[in-house]
Structures are given as structure tokens and as C-alpha cells.
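Input sequences plus hints: build the corresponding full structure.
Below, each chain spelled out in residue letters.
6 protein chains.
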Amino acid sequence: MSLFDVGDIVGALHEARAEWRDSQKRSRDPGGREFPSREALAGIVESLKGALFPMRLGPPDLRHESEDFYVGYTLESALQALLTQIKLELGYMSRHQPRAPEDIDVQATAAARAFAADLPAIRRLLDGDVLAAFQGDPAARSVDEVLLCYPGILAMIYHRLAHRLYRLELPLLARIVAELAHGQTGIDIHPGAQIDAGFFIDHGTGVVIGETAVIGKRVRIYQAVTLGAKRFPIDAEGQLQKGLPRHPVVEDDVVIYAGATILGRVTLGKGATIGGNVWITDDVPAGANVSQASLQNAPQRRAA
Amino acid sequence: MSLFDVGDIVGALHEARAEWRDSQKRSRDPGGREFPSREALAGIVESLKGALFPMRLGPPDLRHESEDFYVGYTLESALQALLTQIKLELGYMSRHQPRAPEDIDVQATAAARAFAADLPAIRRLLDGDVLAAFQGDPAARSVDEVLLCYPGILAMIYHRLAHRLYRLELPLLARIVAELAHGQTGIDIHPGAQIDAGFFIDHGTGVVIGETAVIGKRVRIYQAVTLGAKRFPIDAEGQLQKGLPRHPVVEDDVVIYAGATILGRVTLGKGATIGGNVWITDDVPAGANVSQASLQNAPQRRAA
Amino acid sequence: MSLFDVGDIVGALHEARAEWRDSQKRSRDPGGREFPSREALAGIVESLKGALFPMRLGPPDLRHESEDFYVGYTLESALQALLTQIKLELGYMSRHQPRAPEDIDVQATAAARAFAADLPAIRRLLDGDVLAAFQGDPAARSVDEVLLCYPGILAMIYHRLAHRLYRLELPLLARIVAELAHGQTGIDIHPGAQIDAGFFIDHGTGVVIGETAVIGKRVRIYQAVTLGAKRFPIDAEGQLQKGLPRHPVVEDDVVIYAGATILGRVTLGKGATIGGNVWITDDVPAGANVSQASLQNAPQRRAA
Amino acid sequence: MSLFDVGDIVGALHEARAEWRDSQKRSRDPGGREFPSREALAGIVESLKGALFPMRLGPPDLRHESEDFYVGYTLESALQALLTQIKLELGYMSRHQPRAPEDIDVQATAAARAFAADLPAIRRLLDGDVLAAFQGDPAARSVDEVLLCYPGILAMIYHRLAHRLYRLELPLLARIVAELAHGQTGIDIHPGAQIDAGFFIDHGTGVVIGETAVIGKRVRIYQAVTLGAKRFPIDAEGQLQKGLPRHPVVEDDVVIYAGATILGRVTLGKGATIGGNVWITDDVPAGANVSQASLQNAPQRRAA
Amino acid sequence: MSLFDVGDIVGALHEARAEWRDSQKRSRDPGGREFPSREALAGIVESLKGALFPMRLGPPDLRHESEDFYVGYTLESALQALLTQIKLELGYMSRHQPRAPEDIDVQATAAARAFAADLPAIRRLLDGDVLAAFQGDPAARSVDEVLLCYPGILAMIYHRLAHRLYRLELPLLARIVAELAHGQTGIDIHPGAQIDAGFFIDHGTGVVIGETAVIGKRVRIYQAVTLGAKRFPIDAEGQLQKGLPRHPVVEDDVVIYAGATILGRVTLGKGATIGGNVWITDDVPAGANVSQASLQNAPQRRAA
Amino acid sequence: MSLFDVGDIVGALHEARAEWRDSQKRSRDPGGREFPSREALAGIVESLKGALFPMRLGPPDLRHESEDFYVGYTLESALQALLTQIKLELGYMSRHQPRAPEDIDVQATAAARAFAADLPAIRRLLDGDVLAAFQGDPAARSVDEVLLCYPGILAMIYHRLAHRLYRLELPLLARIVAELAHGQTGIDIHPGAQIDAGFFIDHGTGVVIGETAVIGKRVRIYQAVTLGAKRFPIDAEGQLQKGLPRHPVVEDDVVIYAGATILGRVTLGKGATIGGNVWITDDVPAGANVSQASLQNAPQRRAA
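Residue numbers (the working numbering), protein chains in the order written: chain L, 30 to 333; chain E, 30 to 333; chain Z, 30 to 333; chain Y, 30 to 333; chain U, 30 to 333; chain B, 30 to 333.
Heads up, a few of these hints could be off.
You can't tell identical chains apart in this list, so a pair holds if it fits in one copy or across any two.
[Stated by the list, open to error] As a list, the in silico PhoX-like pairs of lysine-lysine whose alpha-carbon atoms are at most 25 Å apart:
{"id": "1", "residue 1": "259", "residue 2": "299"}
{"id": "2", "residue 1": "246", "residue 2": "54"}
{"id": "3", "residue 1": "54", "residue 2": "299"}
{"id": "4", "residue 1": "116", "residue 2": "54"}
{"id": "5", "residue 1": "259", "residue 2": "116"}
{"id": "6", "residue 1": "78", "residue 2": "54"}
{"id": "7", "residue 1": "246", "residue 2": "78"}
{"id": "8", "residue 1": "259", "residue 2": "54"}
{"id": "9", "residue 1": "299", "residue 2": "246"}
Worth flagging that the hints you see were computed from the coordinates, not collected in a lab.
Quick look at the structure:
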């Protein structure tokens, strides 16, 4: 006698899966899973972190004299693993637009090579982010503390890698990498967001930055800031239009305090300061200082 | 000579524990721990995720032809482990209301069986949640991406399992499962919340949904939305009254944008749209569109 | 033929590291890494949790009769590991203020001993936090549930340990411990914050408490509350002044509801109640009840 | 300054590898390793053990009602992994006899299918081996004890699997599996050896059974018995001839006591008993009883 | 289409298991596995090794000041786990002689307590074995080296624990522990063998010591020595008689060199020396020196 | 009430340890363990195997283009770990001959450097051993099979490393490494044995080679061969004399078949062949062919 009637439940779950496949017009594909793996990408990014910052995020027993050996071996291994994941994404995509396996291999290899070649530039960008955090936070004691402790830096390491994948037309890999950071930090940056040098997010929990946001140099933001879309653009037939710019443009040297919400394709001009909790859906001129108080006197742009 | 005087500290901690037990009027129970285990439940839910979505959340080497084998074995194993945890909760509860071990076994087995029998229905509900997310987010590229990447879906997998446990009068297990999701996603849904089909949470960090909230079909909410209690109902003797409905009712097709706070047993009518950051403590009629702007003109329902 | 030109990338990364070291005026130090390890501290705190609450957070097979054995062995092992981390922090610090290794050893041992001796007091404080949570949340069913499930309690276990390290002038270790909690709970408490007995954070995601905040007895706060700095004090030469009190003082028995923002060195008087989402930059008298509604009628203290 | 001159040693090892490749007339093949993996095979055999004896060698929490689920999932997974290893061996072999990748795939799949189809017969053979051990050892208390404890049975599980691989012309996989058993038990059975039903090895350490040995039904041998080759057959040109029968034939119901050495293509007739430590290089008639004592009186067949 | 026809093979294996159960007259027992676990016992013995020799076989970071804490916690945990395994063996045994579960619990607890109480005496015996090895091997440099490196000592740690289990009428547990040592060292000591103080096995591979062997004080043996049974005693009805003394008695101070074979219930008298490779089936008087050479001149006791 | 009286047993074990320390005239040293670690050495040798044979014993995903990176990083890491173990051995030794910590550091570093510098030569020796095995075994199909499967090769990798440690006066490390191989292969080679190029051990279980054995080029031996000491040399005062040559000298091109025992400082002349199971305690001339048969006719050198 069975304790749980597992056989029956297996049958019912089998049926539920069949319904789902039918509703999605999917054939029961004969082979195995062909979707990139979250676990694999987590391991790859972990290795890349070590290869980018070997003495601080690499293995604790590493010494300067074998830094390059470590970097070389770790990179090779991580890039091989990434190449596998790239092929999985391209293969998955080709269900809709069938392509020859050879083409997928060629494109995957080209993407992996381009990604690899960009790593030194990414390291330099991240060095700038670390410096920005160190200079922007009175509590920071050293650049090393910033690199090891700050969730905002962790989020940027993931984002700068994810954004590169996004630009290489690997949106699934990019998204998975972004969500790995989101889960660890509470900072949700869409991999499509373009973020220039010297970006610093303090505290960070609850930050949301949308896909078409454009952020200039030396920008600083605090926890719970949203750079979101006001509404989704809809085309003549009422369909959601994808890819249109719908998130804010934040120019150089802007500071946005905690809880502020900036919605739509508005521009925050160079050097503007946005106070905590303000709600903005229009352009802000360069150098402006928008706060709760200032908004009291400008009811037409009144926020909460 | 001792480096840390560990013996002394052990003694002092021993005394602190004794004080605590005295203050809580607990005897020093002779046996071992009899509390459900967070680690065990994390493993159980991980297995159930695989059994519910074998080809996408199960092991990477799984193939269609052995899907049912995998589901059957994983279910059996997860349900056995769950049964153990159920007995621990019931045993823990029976400290206050002593019961015969046989009764606990009977009730535990019945609960585990009922939970198991409900899994196919839970899978169908989750399929609906995935579809809702896919249709509600212009950035989503496929239902598979949604299932693998979206924290809102992860939270709902945990919630739908936790809610089933809650309804089986296993509030501790339910709560632990809910907190496992909270820790990973920043989405805090009380396992008591009743959520109908097609629910979608975008971004999600900071969402809080209370114990007696009731949510209809096809509802969509964004990050930092609170469905909370306005105040705690107190009975004639000044005691907190438990179990009374104190959180919002959200009817079908409602959309609530980021940062909105809805407090108390209010009803958001069918199809209403609640704008970002608004603060609501009264009913909203069906189809209404409440935004910061609209509230400026309606001071009696004025929010922040 | 190379697939990824790893050799070239290794060279370019080598150069990027050299540039960074030059920009930071660092010599290429001959030895290995000398920075405390996040992973090591995670393990140490995990052990201390078990030593503080052996029957509930220790190993599942523990029995009362060997509680002290477990506590003693775990403590010894955790304190040894902590001593190693303390030496790493002091050694790292001494790059700027060179000191004899013997001095570092003496100071490290003294710090570890002081930390160890304080553990029983920390356990008593945490017992009070657990009771406060149990009494403050109508949904809580038992003190055990609170200890095992509530992220606010998890955050306080980490904070009370981190704060002790901070006061022992080990700010890096303290910060790492604080970020471990932040990553798991979304609650960001600076280890410098002084928090008295019976503190309860409900839900918690998005809470930020700054370095010089002072919190009294029996205070209760909800998710997304910020106790922040209004602006950074700048000295006569325009330099950021560190260490000055710049965060709120919260007196005994204050309650602060979700989303409220309190900025600057203001005082919330004994027993005050701060409503959800309010924005406060001035003192609040004892017993006051500040809400969105009350602020409407007091424009000079008007918040969002 | 370098502590170990690792760079120099890396260079010298690089040179040593180049010399080896030159001496072996190997090109530096561009890709990665293409040799079966000992670790992978260890995992595969571990899974197959569970699939063959689910309730005794499978997972401890397995219950009868989900036995088939477990067997099905484990088999599928192990066979997939085996297929990968088979392709590696065939690919490795094709270095010498180049073949089209498609041919390798077809042959590999056929081999894996044939191996899989034979598993039920292998289980029946092993059941017979267990019974033989139980009946042959006065110390054995149950068939379950035999299956779980006896190294002779462990060796036979590995051998019967390895022999099947050997017959499928996968000698490398077969050899690796055999050495896995040798390492654990000290029993060294070449995978080519043909062993009929009901075979029992007691104690086992030091047993060696050669490639072309043929063993009948119900044979029993003890530790340190060698069934070896007397000399290697050499052809007209002085080359070692491979594949010729050069090890003993042991007919049904033979018993060979500890330390006996039987060399060359001799036949031990049905029911013969070979005493401990005797040295045999000639045929033994059916039913004979050869011991140290008997050999004293038969100098022409004198042994040690 | 299925790659491996796993469904068919699962069916065929199901049938093979059914045949086996029928042949063994076993019902398909409803529950799960009820046999002691080799993995569990390996872990228990590993813990006991640490508890017996904390500073040398315990965790590397252990310090003298917390030795007792470690020993206490490790013991408690190992004994609990052992109690579980004892119940499994007694439960398994009770299939043949049905007993009340309460009786099993009482007997299991008594056995575990008796085992625990004997550990200090076992430690003292093992100290004597270590000293014997140190004094008997000219290559040994320290007692610590002996404890950490010598397979003969490893085998004796396992044997002295296994023998205690054997005497507590737990033959399955005893056998599993013995085979754990056999697999690691190639030394096969039946747990029933009685071995007095100061026993030393050098090199050890291939040693076999039978169930009823009795070994005195300060005995030393070398690799490949067998203390075996000459033949199995058979009763009047031709059944194997179990439990009769059938292995050698080795008196105090005997030395047996490599490869010697001693068979049957013979006695090697006090202080006798047995040369390498000799074959003995008769008593040897005290103080005798039996070697290959001596046997040449004594044809009636001639060996190989 | 306690189940096991753990406290009492802890006390009794404490007393047993105290007795042991007293008997060994050891003070209770204040610190922690200072003995090399078997686990650490197992990891070091595993890494060295990979560094010596990267494409075959290194990680499966390694590619030729990053071979040197892998070798460099792995070496650096393994040598650092080895340096730690060397210091532990020297520190342990200095209990008897107290030395300054600085001297230990200098000597340890010199030893580690010398060991490292010898690795390329060790690789070349091992290449020769692999070739010898391939040429000497008719069943070997490729040099790669030999390297991956043959226990005799595994034993030689460990021996050649252990012997280097032995010559650097690190006998404990050397012994531990030797026992790691003994445990895996049943081949027991004392690290002091001098073995020249092209050595091949077939099957291997039960082989014992003593500390002062000297083995020439191209020697081949089979399972259960002993190269042992006849008796221990004793000095005028009856003390065992250590370090005197007491094991055989085996000249170039000798073959020794299975089970042969060669005892004492005898010489097996160049090209001699020793048959299976023979017992030799005298010199054998070059080119001689000693077998059981030949010994029959030479009673004065008669063996078993």
C-alpha cells in the first residue's frame, strides 16, 4: 500500500505538463534541456570576478608571483564554460528562427571572443566605480573595503559583465547574470541599461534601473531609487512596442537621493541633485536642485 | 593557560540559557531539538520545484523520456522528508496542547497526503502566473526566461506551496518556506495571503503582502508595494485580536504601481489602477485610476 | 591556434592592475593577500549563532546533555578563526601606520578576548529582541518561530556581533558582518549604530540605519524605514568630516511605520509614533503622533 | 622576488612535455582532453549499483513504492553519462584509425543500448554470486550482509559490468572499472576474464585473475590466488602475441585455497580442490585433490 | 523515441527483483530500508577516532584547552548515530525472531551505553599497540608517526571498536566496521578475533585473521600472514557447524614473518618465531623457531 | 538524565590521555596540533599530479593553450601548501632538538625550493616508468591507458615524490605520501628505496620494498614480491641499528615474478630472472634464471 499515491500524482503532473505544452504549441522535443543554466553562470561570474581582481576576490592563498598564472587558467576555464552557455542560448533562440548548428558555433565563438577581449576595459571601468564609491561615502575607509563589502560594487561587477552580454545579443545570459546580482543585493539593474564611468550606488536595496536608461559619468544614487518607465509605448494596433527608449537619461554628475522615482524618457541635466522620495516625470535642468521643499512651490510638478 | 577562558564563557552562556528558560517557564526538556528545520525545508522545496517543472528546474541532464521517473522518485523522497517536518511541527505544537503520538502521526500523514494531491493544481496555477508575467512585461522574451529568471515567479512558487501548508494548519512550515523566498527575492508574502490565478510581481524588492490579504485574478503589482494592516484590532480587554481580516482585498485585473501603500481591510475594485507611491486607506471603486495627480484633487482621500 | 587569445588578455589585465596600483601609489607587495575574508567571517558568525542558541540554531542532532560540550568546542574554534581575521585587519591597517607584529598580536588577542567575554551579554540582549518581536507581531505564534524565521532577528544577531567588533576598533570585520546580514535580509544596519534592548524590525526589506544613529529601548520599526544623514558635515577646508553625529536619536518606545524617512541628528522623543511614509528632518516631541494627515496641518514640518 | 621560481619550473615542465610528445610522435593536438574519466566512471558504476540493488545499495530513504521511479531515473542518468564516456573512448581510439564522428556516434549508441539491455541478466548473475558467498562462508549470517560487506561481491559487481564493456570492445572503460574495484578490494580481475555463475572470492586481497581466464559455475577461491600466465607467447618475429589464450581454465565446482598459483593455459578439472599455496603449471584432473602434501609424493608436478 | 528503452529495462529489473524475493521467500516489505548503513558507520568511526585521539586524529585547529569540549560533543553525536545503527541491526535481526519494538529500544540503548563506557579502555589498549609498533619497527621515528601513518594501527583502531560491537552481539555492525578497515589497509581481521595488548602488524597487506583466532600479548606479525581455518567443522548431519573454535591460538610474544600460513585450531607457544612463508597446521612449542630451513629437516611437519 | 553519561566518559578519556602523556614524558603543550596533515598532503600530491601531467591527470576541461597557466597556478599553490607542511615537520622535529624558528623557516624554504626544482626531472623519470609499463605488459593498449589505469604507475608517482622528500630529510612527509599510495594500491614502497629509471610493477597488490633497497634500470616486478630485511642489525649493546643497508640490491634488467621473497643485503645480478614464489637470501649471479624448478636441484639455496 502506498503512502502518498505517488504514481497517481506523477500521472496528474504528466498531464499538467502536456496541457502546458499544448497551450504553448510546443512539441515534446526529443532531447534534453537546452536552456542556459543559472548555476553554470553563477560559477562563471565567480571565476571572472577572481580573474578581474585576483588578489582581492581570487583565492585567499594567491600570491603576486603567480597572479598571471591564476588569471590565465581561470579565464580559459570560465570562457570555455561561457562558450557552452552561449551556444545553449543561441540554440534555444533558433527554435523560433531555425539555423544551422555550424552558424551557431561560429556566432557563439565570435561572441565569446569579443566578450573576452573586453575584460580589461571592464576592469578599468570597475576601478573607476570603486574610486567613486570611496570618494562618495564618508564611511568608506579604503578602496579595498569598498571592493569587498559594498553591495553597490557587487551589483556593478555583475552589471558591467551582463551589459556586455546584452550588447552581444545574448539577452538571456545577460538577464540571468543581472538576477544573480539582484538576488544578492536587492539592486535590480536591467542588463540593457547604459552606465558610464564612476557610478556609485549606496546601500542599494530596492534600486530599480530600467532597460533603456542612460547614465552619465560620476552619477551617485541611493537606496530605493527607481529609474523606470512611465507607461509602455503601444503601437497603432495596440501591441506593446519593444525596444523604444522609455527610461530616464541621467547626465554626468547627477546625485539622486533615496526613494526618488524618475519615470519615463526624461532627462536629469548635468549636475542636478534630486532629493529623497521625490517623484519626477519631467525633465530637470542642469544644475537644478529638486527636493520635497522645492516641489511644494511648484505644484504643477508636484510629487508625493 | 587558556587563551579565551572558554570554560568561563560556556558557564556564563549556560546561565543565560537557564534564565531564558525560566523566564519562558520552560522545563529543560530531556531530549533533542523538536523544531522544523529551515535547511530541511529548503531542500524539500528545491526538490518540489524540480518535480513541478522537471525539464526546466530539474537536473540539467534530464531527458523527456525519463521525466516521470525523475518526478516520481523526487516526489517520494521530498514527501517523506516533508512528513518528517510535519511531525516535528505537530509535536512542537503539542507541547501546549498535549496529544498522543499516534494522533500526531495520523494527522501528519493526512496533511502530507493532502499536500501531495494538490501539487498538480499548484503546477497549473504557476503556469498561469508564468503566462501572466510573460504577457505583462514588455521585456520578457519567452515563458522559459520568465520561469528561470523572474524573482516574482520564484516568490510565487514558494508562496503557492507555503499557502497550501498554511491551509493544512502547519503555520510554522508555511512561514519558513515564505521566509526562504523573502531572503532570496526581497518579496515578503505572508503564507496566509489568498492569491488567485495569473498573479504577477515585477522587480519585487520590498513588496509586503499581509496574512489576510485577498487577491483576485490577473492582478499585477510592482516593487515596494505594501498590502498591509492599518492597525491591529484590539479586543475589549485590550488584547491583540488575531485572525481578523485586516489587509486589503484586491479584485480581479487590478494593477498597483511601485511603492504604493494600501492599508487596512479596504477593497480595490475590479480593474482599478493604483499609481506609484500613492497611499490608500479607503476603498477604491472598480475601474478607478488613482494616481498622485488625482489625489491632489481629492483631499479627503489624500495620500502622501 | 588559440581560441580566446588568453595570453593577450592576461597581459592586458596585468597592465590594468599595474595602472591601478600606480594610481593608488601602491607598491606591488611581495606576499599574499592580507585582507579579512568574507567567507571566513560568514563561517565564524554561523558558529557563533550556534554557540549562542545551541538547541535552536545549532546542529539538529544536539541534545541538552551535550549542549555545553558543543558550545565550548564551537566557541573555541570560532574564536580562533576570529583571532586570525582580527590579525588580518590589524595588519592591513598597519600598512598606513606601521606597527610591530608583536603589537598586532597583543592587540588582536585582547580584542578577541574582550569579544568573547561579551557573548553572554549579547545573548541576553538578543533574548530581549526575540521577546520584543513576539510581543510586537500579532502573527507570531512562539518565541521559537521568531528566532528561526524572522529576518529582523537575523539582522539583530549579526548587528549585535558586528557592533561589538566596531567598538573594538575593527571596522572592516564589523562592516563585513553587517553586509552578510544585509545580503540575506535586505536590512542595512551600519555596525556603528547603537541599539538598546528590545529592538524589533518587522518585514525589514529596505531598512537603512546609519553609523551614528542611537536607538533606545523597546523601539519598533517596519520595512523601508531610513534613519539617515541629511547632509555630510564639511569642515572649514571643505573636507568631509568623519565621525560627527549625523543620524537620528530614537528614544525609548518609539514606533516608526513602513517607509518613513528620518534624516539628520534629530531626536524622536520617547513614545513617539511615526506614521508610514512620512519624511522627517526635525525633532519630534515625546509622545507625538506624526502621520501623513498630521503633517498636512503643519506645513512647516511638511513631509511628502 | 619569487619564492619558488615557478616561472622557470613551468618552462622546464613545458619542455619535458614537448620531449614526451616528440618521443611519442604526437602532434600537439589543438583541443582539450579526449580520454575517458576515472571519476565519471566511478560515478556511473555507483549509480548502476543503486539501480541494480535499489533497496540495499540505493539511497537510504528509498521505499518500495518508488523503487521503479528511482531505478528509471538513475538508469537514464547513468546511461547518458556512460554514452559520453563511450564516445570519448571511441574518439580516442580513432586517433589511430580515423573515423567519421557520425560513425562513432552510431557505434557508441549501439554499445550503450546493448549494455543497458544486459543489466537485468547481470543482476541475476550477481544474485547467484551473493547466494554462493552466503552458502560458502560459515560466517555469513544473511544474504544482505554478503551484499553489503563482502569485498568479493563488490569486486564481482564491478567485474560483471566491466566484462560487458570489454565484450562491447570498450577495453579502456572496462579497464578503468576493473581498477576501481582493484583499488577498493585488492582483487585484480582483468575485465576480459570469463566467469560463469555462482562465483565466490573469500577475503580476496591479492587475488589476480588474467585476461583469458575461463571460470565455470560454482567456483570458489580465496585470498592471494593467482590465475596467471606462465609466459607470454611470442610470434616468429619475436613480438609479443596478444589475445592468445594464456590463462587457466577452471571448470565447474572447483575450489582453490589461499595463495595457490595456477599458471598458463592449464585446465583444473570439474570439482578439483587446490590446496593453499600450491604452485600448478599443468592440468589437474576432474575431482583431484592437490595439496602441499600430495605434491611431496609427486615430484614431477612438484610445487612450493 | 527513447534512446535506451529505459522503461523496458526498469520492468525487467523489477521482475528480477521479484524473482529474488520469491527465491528468498521474502515478502515485499511495505516500508523502507532497514539495514545498517556503511556510510553512517564510516562517519561514526571517523568521529570516534577523533574522540579517542583528539589532538592527533581530531580537527587540525583543535587546542588543548578545548579538548574535552570537542571530545564530549563528538562522542554524544557519534553515540546517537551509533544508537540509530544498533536499532537498525536489531530490527533487521527481529525479522527472523520477531520482537517488540520496546525490547529493541531497551537492548539497543544498553548496548550503546556499554560500548560508550568501554571507550577509555579501548584507548589504553590502542596506546599499547602504538608503543608496540614504535618499539618493533626500526624505521619508526616517533609514536606520533606510528599513529598517523601505520596501516597496522589504523586496522587495530577499527578492530578494537568492531570487536566490542561483536561482543555486544551486533555482528553486522562489527563486520561493516571491519570491512571499512580492510578496504583501506588490505588487512582483514574478523571482528570476532580476540587480540590482547601490544599487537603490531607491519606492512599488513594481505593479512587475514579468522573469527575464532586468539592472540596473546606483544605479538608481532607481518604482511600476508594468514591465521585461518583448516577445514570447516561439519556436524553429524553434514551441516557446517558455526561458532566452533577453528582458528589458531597465538600465545604471548610470538613473531610471525611475512607470508606464513597457520591453519586450524593449533597453538603457537609463547615466544615462538615463525619464519616467512612457512605453512603450519600443527602446534608449535613455546620458544620454537620454525623456518623454511628448519622444516627441511623435519619432513613430517614439512611445509612449502 | 543523561543517555550515555558522556560527562563521565569524557573524564575517563581525559585521564587516559594524561596517563599517556606521562608515560611518554610529554608536557601538555599549550598550543594546538603541530604535526603534518595527511589530508593536506593528499591534496598537495593531487595537485602535483595535475601539474606534472596536466592534460591527462589535470582538470578535464583543460586545453593545451592554457596548460602553462594551469601548471603555474597549481604549482604555486601546491608548493605554498607543501612549505606549510614542511615547517610543521621541522617544528615537530625540533621538540627533540630545539631550534630557532628562523632556522626552521630558512631550512623549510630551501627544502621546498629544492623539491620544486626537481619536478621536471621527476616528470622525465615517470615518463620512463610509463614507457616501461607499456612495453612490459602485453595487455597495455596505449601509454595513456597505463598512466590512467595502472596502480603500479600511481605508486611510482607517489614514490618518486616521496623519495625526494625523504632525501630532503623530511621523513614524516615522505612516509605519509608513501602510505597514501599504499592505501590506494596495496603497494608498500618505503620512501627511502632508491629506484632507477624504467621501473614497472604489474598488478602490485602485496608488493613490499624496504628502506635501503636499491633498484637499477628497467627492472620489472609482479604482485606480492617482497624486497625485505632478513633480520635487523643489532649493535654491541643489543640496540637496533638504524640506517644500515639491510635490503636487496637489484641490478639493471632484473625481472622478479609474483610472490618471490628476497631478503637481506643480497644482490640480484644484472639481467637475472627470479621465478614466482621463490625465496632468496643469497646473491644471484647476473643473467641467472632462478625458479622453483632450479631450486629443486640446488638444495643449499632451496626455497619454498
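Now the hints, each set against the structure:
1. In the homo-oligomer, the alpha carbons of residue 259 and residue 299 lie at most 25 Å apart both inside one protomer (22 Å) and across protomers (22 Å), since each shortest distance falls under that limit.
2. In this assembly of identical chains, the alpha carbons of residue 246 and residue 54 lie at most 25 Å apart only when taken from different copies (24 Å versus 46 Å within one copy).
3. Taking the shortest Cα distances, residue 54 and residue 299 never come within 25 Å of each other, neither inside one copy (50 Å) nor across copies (31 Å).
4. Taking the closest pair of Cα atoms, residue 116 and residue 54 come within 25 Å of each other only inside a single copy of the chain (24 Å); across copies the shortest separation is 34 Å, beyond that limit.
5. Taking the closest pair of Cα atoms, residue 259 and residue 116 never come within 25 Å of each other, the shortest separation being 36 Å inside a single copy and 50 Å across copies.
6. When the C-alpha separation of residue 78 and residue 54 is checked against a cutoff of 25 Å, the pair qualifies only between copies, where the shortest distance is 23 Å, while the shortest distance within a copy is 40 Å.
7. Only within a single protomer do residue 246 and residue 78 lie at most 25 Å apart by alpha-carbon distance; the minimum there is 23 Å, versus 42 Å between protomers.
8. For the homomeric pair residue 259 and residue 54, neither the shortest alpha-carbon distance inside one copy (33 Å) nor that between copies (46 Å) is at most 25 Å.
9. Taking CA atoms no more than 25 Å apart as the test, residue 299 paired with residue 246 passes inside one copy only; the shortest distance there is 10 Å, against 44 Å between copies.
Hints 3, 5 and 8 from the earlier list are contradicted by this structure; the remaining hints agree with it.
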